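Line by line, the protein sequences give chains A, B, C and D.
Each residue of the first sequence is one higher than the one before, starting from 1 at the first, in the working numbering.
Each residue of the second sequence is one higher than the one before, starting from 269 at the first, in the working numbering.
Each residue of the third sequence is one higher than the one before, starting from 537 at the first, in the working numbering.
Each residue of the fourth sequence is one higher than the one before, starting from 847 at the first, in the working numbering.
By construction, these hints were calculated from the structure, which means they are not laboratory data.
Here are the simulated lysine to any residue pairs, SDA-like style, with alpha carbons at most 20 Å apart: (1) B:Lys396 x C:Glu643; (2) D:Lys996 x A:Gln126; (3) D:Lys1034 x B:Thr315; (4) A:Lys128 x D:Pro959; (5) A:Lys64 x C:Ala763; (6) A:Lys128 x D:Gly955; (7) A:Lys128 x D:Ala961; (8) A:Lys25 x A:Ala185; (9) B:Lys293 x B:Arg413; (10) C:Lys724 x C:Pro778; (11) B:Lys396 x B:Pro428; (12) A:Lys128 x D:Leu962; (13) A:Lys128 x A:Thr161.
Just so it is clear, the structure is predicted and the values come from calculations on it, not from any experiment.
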Amino acid sequence: MTTPEQSQGYTASEMMTITAARLLKNGMSCFVGIGLPSLAANLARLTHAPDLALIYESGPIGAKPRTLPLSIGDGELAETADTIVATPEIFRYWLQGGHIDVGFLGAAQIDRFGNINTTVIGAYDQPKVRLPGAGGAPEIAGSARQVFLMLRQSARAFVPTLDFITSVGYLDGGDARQRLGLTGAGPVAIITDLCVLEPEPPSHEFVVASIHPGVTREQIVVATGWPIRFAAAVRATEPPTEAELRTLRDLQRRTQAAHGEAHGGGEG
Amino acid sequence: MTTPEQSQGYTASEMMTITAARLLKNGMSCFVGIGLPSLAANLARLTHAPDLALIYESGPIGAKPRTLPLSIGDGELAETADTIVATPEIFRYWLQGGHIDVGFLGAAQIDRFGNINTTVIGAYDQPKVRLPGAGGAPEIAGSARQVFLMLRQSARAFVPTLDFITSVGYLDGGDARQRLGLTGAGPVAIITDLCVLEPEPPSHEFVVASIHPGVTREQIVVATGWPIRFAAAVRATEPPTEAELRTLRDLQRRTQAAHGEAHGGGEG
Amino acid sequence: MAATPSRAAILSQRGICMAEIMSLREAVSAFITDGATVAMEGFTHLIPFAAGHEVIRQRRRDLTLIRMTPDVIYDQLIGAGCARRLIFSWGGNPGVGSLHRLRDAVERGWPQPLALQEHSHAGLASAYVAGAEHLPFAVLRGYAGSDLPKYNPDIRFIRCPFTDEELAAVRAVQPDVTVIHAQKADRKGNVLLWGILGVQKEAALAARHTIVTVEEIVDDLGAWPNAALLPAWIVSAVCEVPGGAHPSYAQGYYERNNRFYQAWDAIARDRETFQAWLQRHVLETADFAEFSRVLRETQAAADGEGTEAL
Amino acid sequence: MAATPSRAAILSQRGICMAEIMSLREAVSAFITDGATVAMEGFTHLIPFAAGHEVIRQRRRDLTLIRMTPDVIYDQLIGAGCARRLIFSWGGNPGVGSLHRLRDAVERGWPQPLALQEHSHAGLASAYVAGAEHLPFAVLRGYAGSDLPKYNPDIRFIRCPFTDEELAAVRAVQPDVTVIHAQKADRKGNVLLWGILGVQKEAALAARHTIVTVEEIVDDLGAWPNAALLPAWIVSAVCEVPGGAHPSYAQGYYERNNRFYQAWDAIARDRETFQAWLQRHVLETADFAEFSRVLRETQAAADGEGTEAL
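One chain only, chain A, in its complex shape (with noise of 0.2 Å):
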C-alpha cells in the first residue's frame, strides 16, 4: 500500500516546514529557536525572503547559515552573521525593545488559546517528565509583534489543558491577554503536519483554517485533544513547489553532511 505521503513525493513534516516557511515576508525580523523553526526560517530565508533577518537567543543578529545549527550558538550562526551581541542584549534591546517582526516557537503542550508548555509533564513539584523548562519562549511569546506555533499534530500535544502554561497565547481567551499588557499581538497561527490553525475573534480560540493536501477532517479532530472546530472557510494548502522542496531537501542534506546525522529538536 502506498502512504499518502509517498503517493504525493514529499512528507508531512516538509509540508509543515514549507507552510511555515511561506508565513515569513522579506525584511522581516524573525527569532528563532532550534530546530522546527530554524529549519522553516532558514527555508524562507533561501527561497522567497532573502533578506529575511534570523535573530538568534544567544546572539547572533542576521545569521545567514549554511547548514543548520544544531545548537542555538553553534559557531556557524557566529561566523555568518552581520553581528554579535551579549544574550541580555538580545533579549533587553531587541525583542524586548520591540525590534522582532515574528517569533517562532515550539512546544511540548498547546491548548486550545495557543498557550504552551515547555516544562513539565504532571506536577511542578513531582513531574511525571522534567522538560527543558522556558528558554526564551515566555518573552518571545510576549513581544514578538507576531507568534508563529510550530509542532505535529497529536492528542498527546494538542491538550484541553496545559500541565503548566510555560508561555502565553490569548490565555483564557477574548481579551484576557490584551489585559495583561503584552506589547506583541501573539500567536497569529499554529502551524502543523495536518494544517494552520488560526485564532478565531473575538475568543481567540484556535480553529482549523487552512488544510494541508491528502489530509482529512477526521485526521485533524483524532489528532486534537480537545473538540476541534473548523473555520467558516477552510483553505487548501498549496503543496509544496518543485523550488520549495528542493532548496529544503538541499539544506537537510548539507546539514547531514555537516553535522554527521540528522538535524535533532529542541532549543539550546
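Mind docking chains B, C and D on chain A? Use the hints.
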C-alpha cells in the same frame, strides 16, 4: 620681589597636581574627569603607578593617552584604551557595579562636608551663572570606593553653603552619608593648590591635614569661606621631586604641542 | 516624551522597516517635524553636526532636544531658535568652558526661553537604556542626596521588591527621531561604527525613526566579530555626508578640530557674532559640502589675519 | 544568593584586585568552596568544561549552580553529586534531547535531590545584568501570564513609578565565583573573547571572584576596537587550558564536538554508564590534558567498534 613659587622652582598648580597624583596607587582603577583630574591621573600613570587603569565616562577603559585629552572623548583615549564600551555600560556595569577604586572630581563650589556644586550659582530657576551641570559626578561621588576632590582653594569656591548640591560628600556630616545607603566611602581628600584636607571623624568635616611647602595657615584661612580647622597633627606636604616635575612638564609640553594651546579645564 | 502605549501602537502599525538611502535634506524633511522630540547623540566622537545644520536650514521650531552633552551642536540649534526644551546631563564646551548660546537662552531667554530637564550622565544614559528596552523607566543607584530630583519630575525613588532598598528611577526617553553619525554603511543600509560609542545604539533603538549620516557607503562593511552594527531594519534613513561630524571627529577618518571648539567660545559669546556666523556658514549654504568650503575659506582668512574669527 | 549589603562590605574591604596566572587546580582550590554559589557561563560557545571537571575532581559539594543552559557541563556536575540547587532557564541537551542526570536528580533525587529555581532566558539574563550593575533587582517585560512566578519567589511584579504599568522584577544573581572560558589572555591577565558572548561579561562582573580559563596566554591580545575584553583588575585567576571548552567550542580555535553531545545522551541515560564514564575520564585523570588523551583513546576505540560509547 620673588614670589614663593619662583623661589621654589615650581608652581602651586604643579604642587597640587603632584600631590593628587601621589594618592593614586599602582593597580587601582580610576574614573577620571577632564582637566586637573586627568592631568593628575596621567602623571601618576607616568610615574609611580604604571598599571593605574584609567576609565573615562565616554567609554575608554585602560586609556593610556600620550597627550592629555581636551575633551572626555578624544580619539587619543579611544586609540590607547584596552577597550571601549558604551557609556551606559561604563556607568552601570563599571562604576555602579563597584569596580572603580577612585573617582576624581572637580567642582565650582564645595562645602565643609565635601558636597559639591557644578550646576548653578544663584537660584536654580533664575540662575546668576548657569554652570555645565552634573555630568558623571553624582554617581561617581556615590559609587566609587573612594573619591578625591581637586580644585583651587578660594573663598568663592570653598563656601559655607552651596547654592545647589549636585553631588554629595557627607551631606550635613556625621552618619548622614551612611544613612543614604551609598556604596562608596565618599571623599577621602580634597587636594588644593594650598593644602590637603581630610574628613575628620565623627563629623566628617574637612580639616587641613597637610600644608604645601611655603604656604601659611593664614593663606588657607583667607582662601576658605568657612572657619577652616586644622588637624591636631598637620603634615608638611613633600615638595615635588625632580622626576615628578620633569614628567609633569613633559606631559604638558606634549599636550600643548598637540592641541596648540594650554590644556583647558572643565569636564566634557 | 511619548507614553508607552502610543509607541506600542506605532510598533504594531509599523510595516516592515528597512533603511532608505537618501540625501540629508530629504531625511530631515521626511522625519523631523516642528515640535518633535529629537536626540542627536555622539559622545564627543561622531557628533552629527551636518544633520544639526540641516535642521537649522529647514528652520524647525519648538523641538525638544535630548543629548547627554549638548556641545556646540546644540548651542547652534538653541541659538538659531529651533528648541524650546532641552534634556541633558552636562552642558559645557568640552575643555573650553561655557556654551554661551545655551546660557543666554537659560539666563536671559534669548532668542526664546529654554526649559531644562536635567539629569546626571548615569541618569540620562539609563533613561536611554530604558527607551531602548521599551521599559517606561530605569532603576539606578543615583541622585542620592543631590538636589537634582527636586527640579526634575522624571527622577523618583522606588523600593526594591525583594530587599526594600531605596533606589532611583528615571523615566525612559523615547525620541521621535534619533540622529547619529557613523563611519560606514553598506548599500543595504546596515551601519557600522567603532571607537567611542556613547549612547548611540540605545538612542537609535529607543526612537521611532533613526537617521544615520555616514562618512561613506561601501559594498562591504568588513565588520569584525561583535562589532557595533545597526542593521538596516532598525534604521529609517542613511545619508552619505563625508566629514559630517566636523568639528567633532570620526575615528579612522579625521581628528577632532579642537581649534574650532576653542574659537566657538568667541563666536558664541556675542549674539551678533553668532548670528553672522550662522548666516554665513549655515543659513546661506545649501548643504554640508558648501558649509565645509565656506568654513575653509573663513579659516584661511583668519589664519592670514592671525585672528580666531572663524 | 548574597544579599547586597554583604557584597558592598566585601567590595569596601577588597584590596586592589589583579589577576593572577595560576593552574586550574590552584584556582578551583583557592576560590570554589563547598556550599558556594557558582556560575559557569558560556552560551553553547566557550563553555568551561575543564573547570567543571576540576570541580568534580576536587569533590566540591552542596554547590548552588547558576547557568542559563545547564548543558552537559552541569549534567556532569549534578550526576557527580556536586550540586544541591540549580538556577537555570533551559535545561536540555541542545539539539539532542534531555539532560538525563539533571532529570534523574529532579525526578528521582539521584544521587541527591536537586532544588530548582527556574527562570526564562530573559529573566535570568536580566538577573545577571542586575548582578553586574550591583542592583538588587532588574525590571523586565516578562513572565506575564506564565506559571513560572508561582514557583520562583525571586520573580515578582512591580509598578512603574511614572506610568503605573505592571512589570516583572527578578532578584539579582551574585555568584560567589563565576567561571568562564575565553580565547586569549595576555601576561597581565587581561582577557579577550569574541563570537557568541552569552552572559559571560555580566556573570564575571556580578561575581566576587572570577576564574577564566583560556585557550592561550599571549604577549599581545591584538584586540580590535570595542572588543569584549575583561581587564585584569576584575579577574581573580587566569588559567591556560588549551581545548578547555571541549566538547563546546572556541571560535577561531576548534569547532563544537556535536558527536560528543549526541553520544552523551547514551552515556548519561544510565547511572552506571555515567559513573563509569566519570570515573575513567574525570576522576581518574589528573587534569584536562589527561582527560583529553583518555577521551581520544575511547573515541578511537569506539570508532573501531562502530559504537557511540565514548
